[in-house]
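In the order they appear, the protein sequences are chains A and B. FYI, the numbering for the first sequence is 777 to 1173, going by the working numbering. FYI, the numbering for the second sequence is 47 to 413, going by the working numbering.
Take these hints with a grain of salt, some might be off.
Unchecked claim - Mimicking SDA-like on lysine to any residue, the simulated pairs with C-alpha atoms at most 25 Å apart in a straight line are:
1. A:K1021 with A:S984
2. A:K1081 with B:R367
3. A:K1100 with B:A69
4. A:K1139 with B:I199
5. A:K1100 with B:P198
6. A:K1106 with B:P74
7. A:K1058 with B:E195
What the hints assert, rightly or not - Calculated Cβ distances over 10 Å to all of chain B for the following chain A residues:
8. R841
9. D853
10. F856
11. Q902
12. G979
13. S990
14. S1010
15. Y1057
16. T1067
17. K1080
18. D1125
19. S1128
20. K1139
Treat the hints as calculated values from the structure; they're not laboratory data. Virtual Cβ for every residue (Gly too), placed ideally from N, Cα, C.
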Amino acid sequence: MERAILLVDMNAFFISCETTRRPELAGRPAAVAGDPKHRSGIILAPNYEARKYGVKTTMVLHQARKLCPDIVLVPPDHGFYERKSREVMQVLSQFTPVVEQNSIDEAWLDATGCEALFGSTLELAQRIMKEIQSKLGLPCSIGIAENKFLAKVAADMKKPMGITMLGREELDEKLWPLPVGRMYGVGKQTALKLNRIGVFTIGQLAASKPELLSDKLGKWGNELHRLANGIDPSPVLPHAIDEMKSIGRSTTLSHDLTDLMLAKKVILALTDEVGSSARKYKKRGRTIQITIKYSDFKTITRQKKIAATFLTKDIYAAGAELLKENWNPKQPIRLLGIAITNFESDEQDQISFFDFSTESGQKKEEKLEAAVDQIREKHGLSMIKPAILLSQEKNPY
Amino acid sequence: MKFTCMQNNFLEVILTVQKAVSARSSTPILEGILIETEKDVLKLVGTNLELGIQSYMEANIIQEGSVVLPSRLLSEVIRKLPDAEIEVTVSDNNAVKIACLNSNVTLQGFPADEYPSLPEISENQPIEISKMLLSNMIRETVFAVAVDEARPILTGALLEVEEKNVTMVCLDGYRLALRRGMLEVPHEDLRVIIPGKSLVEVGKILDDDDQTISITVSDRHVLFDLGLTRIISRVLEGEYINYKQIIPEDYKTRVKVDTKILSSSIDRASLIAREGKNNLIKLSLQDQKMVITSNSETGQVYEEVPLLLEGKDLEIAFNARYFMDMLKVIEDQEMCLDFTTGISPCVVRPIKGSNFTYLLLPVRIFA
């Protein structure tokens, strides 16, 4: 049976969220952006009024101001957007339990067989859009197709507040003329590789020999070939925290860093957030990964295996060591990130000698960090933090 | 420098010292092998600064000298030459001409004086040990060293000598492997922690004849002297875990089982287990048998192994790989497994004697 897959994509999600609590933004050009005093001030999410002036995501602030002098800039509040995102997912799950969240602002729904409940799939999409708008005050676009990939393509076609149905017979007209770089799943590097073998449009990709693609791109090449032909059998997988693969934070620094001590401080501040997230979800990870983007935008990631942990102290120790091992004072750093991955499974637990032995220090540390979490929960994030992060002016983030 | 030697001899020695050469190094010269004349023999050296291997070979030295050649390339070139006499000539700019029958290859080398020299080991009294014993001790324990760097000391093996008793211990937190042996000549007590990676290479170089080799330990290094070949490894500094403390003496369930029968059953169960997330096998001990089961998305497996059971019935689960790693190296026909509870270690010993002890920690199942 042909499936009915919907992709619900929240329009200009961050700034739309802001508009729900600051109605004065409605109808005016506005955007969520990093702190304008710092370089990390880039446009994160412009609303559609701002987009009319040519303001785009990741644009630097002064450029955005040049294009649109009246733009209202709002600092980001990720906690708020995450709450709103959960509310959106809540609404979606009232229509079907088969909801797969793809990112903070989009999700797939499998509505196959829901016709008896909601009428046609198009009617269902209209109801969803209306419900999210009336309950949460947020706009979205919806794509409808027989699989996840085409639903994603369809959702991108009409924004904001559009509902688009895309059938496989329309591919030659609607999908194939687009440049490959626009295709979901094709990043800059992949696009470059494809361009090198003479593939510039999605249509050319669909017409390429799969062997040639798998030769250049490995398994992913075959997958892309299938997708470009509108074939995507992957199921909509409802997932929860269990599916979480990693917890990480990164930040673009307000100025390039060449001082290891300062870089370590940044890592500590990021780890502080990663650790409390990991403890909240009770996820102990075995791999610590750091990301370094240099001033020339070259990016490296380095990782290290440690005993499974969710303690800020352990994550930081591994992160700081990775940083030190890969430190090069001649290469200024623009962005730093740290993540914890490779989580222990919950149902089965390989016992270790160290579980029995007298590592009471570990237990103590767990109690300490749990206490910090509780204080923050009750009195706010900034009420307690590592002393080294107290000096305000020197912090480069 | 100029010498001639036989292709197969040359290749063998190159492959020996190459075991210490990293395929990729930040310092290009460390990807090379030092070739040096020493009186009327040829000396080859490879090192990655943690492990160094030096080996002597017979050659017809025509002119003395030394050079460093890229290791992988050199071994490939020599491997592909016919089994005949090779003539090697080094010119002043370190270009090395290798001639063999109708073939002529020229490789660009590095000046030898930039090559790091291997550390000198002080003249302590060496431990005399048979090649076969050392080789067995390594093979039967080294698989249990830690691969992650969470506790760096556990990436090494503990070598312990008390008079005539010699013990090697490896543990990674989830299992422990211990092998005992006897020395012919007593030695003063010592403990040294040797990187597992170094021991693996030593194991590859040891052929198991009954000759004796000597091991000399200094504060920072250990030297394995095999005669023509000398292997020098850095040792790990720090305190090893007090392993005696974690081997339980008591048991509530004791099992005697045929090693081969158990091994082939678990091997079959592993086929299914390894498709799952945790490579899990469940063991159920009762009625003088062990029932082994495993479920994963790919299928199920059920195996029955007859055995002698003494004490309480028990249900317990393990990572199949940890079990197989151990079973692969046990040569005794029968062995003894001691259990206490479903969440405490399983202790594996020989029926007679005390050559080995293995400890396996189970997987806790939240059913």
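The hints, checked one at a time:
Our distance criterion of 25 Å between C-alpha atoms is broken by K1021 (chain A) and S984 (chain A), whose separation comes to about 33 Å. Proposed proximity of K1081 (chain A) and R367 (chain B) is supported: the alpha carbons are some 19 Å apart, at most 25 Å. As the CA atoms of K1100 (chain A) and A69 (chain B) are separated by approximately 24 Å, the hinted pair is consistent with the 25 Å bound. For the hint linking K1139 (chain A) to I199 (chain B), the alpha-carbon distance of about 22 Å falls within 25 Å, and the restraint holds.
A distance of roughly 17 Å separates the Cα atoms of K1100 (chain A) and P198 (chain B); the hinted pair therefore holds under the 25 Å criterion. For the given pair, K1106 (chain A) sits about 21 Å from P74 (chain B) by alpha-carbon distance, which is consistent with the 25 Å threshold. For the proposed pair K1058 (chain A) and E195 (chain B), the alpha carbon gap of about 23 Å is at most 25 Å, so the pair holds. In this structure R841 (chain A) is separated from chain B by more than 10 Å, as the shortest Cβ-Cβ distance comes to about 46 Å.
With a least CB separation of 37 Å from chain B, D853 (chain A) remains clear of the 10 Å interface cut-off, as annotated. With a least beta-carbon separation of about 35 Å from chain B, F856 (chain A) lies farther than 10 Å from that chain, consistent with its non-interface assignment. For Q902 (chain A), the requirement that its beta carbon stay farther than 10 Å from each beta carbon of chain B is met, with the minimum near 39 Å. Distance check on G979 (chain A): its Cβ is at least 37 Å (rounded) from any Cβ of chain B, clearing the 10 Å threshold; non-interface status holds.
Against chain B, the non-interface label of S990 (chain A) holds: every CB pair exceeds 10 Å, the least being about 24 Å. With a cut of 10 Å on Cβ distances, S1010 (chain A) stays outside the contact zone with chain B, its closest approach being about 17 Å. Every C-beta of chain B lies more than 10 Å from that of Y1057 (chain A), the closest at about 17 Å, which supports listing it as non-interface. Once the 10 Å rule is applied to beta carbons, T1067 (chain A) is consistent with being away from chain B; the minimum gap is 20 Å.
With 10 Å as the threshold on Cβ separation, the claim that K1080 (chain A) sits away from chain B is violated: the shortest Cβ distance comes to roughly 7 Å. For D1125 (chain A), the condition that its CB be more than 10 Å from all CB atoms of chain B is violated, with the nearest at approximately 4 Å. Not every Cβ of chain B is farther than 10 Å from the Cβ of S1128 (chain A); the closest lies at roughly 4 Å, contradicting the non-interface assignment. The claim that K1139 (chain A) is not at the interface with chain B holds, since no C-beta of that chain comes within 10 Å of its own (minimum 17 Å).
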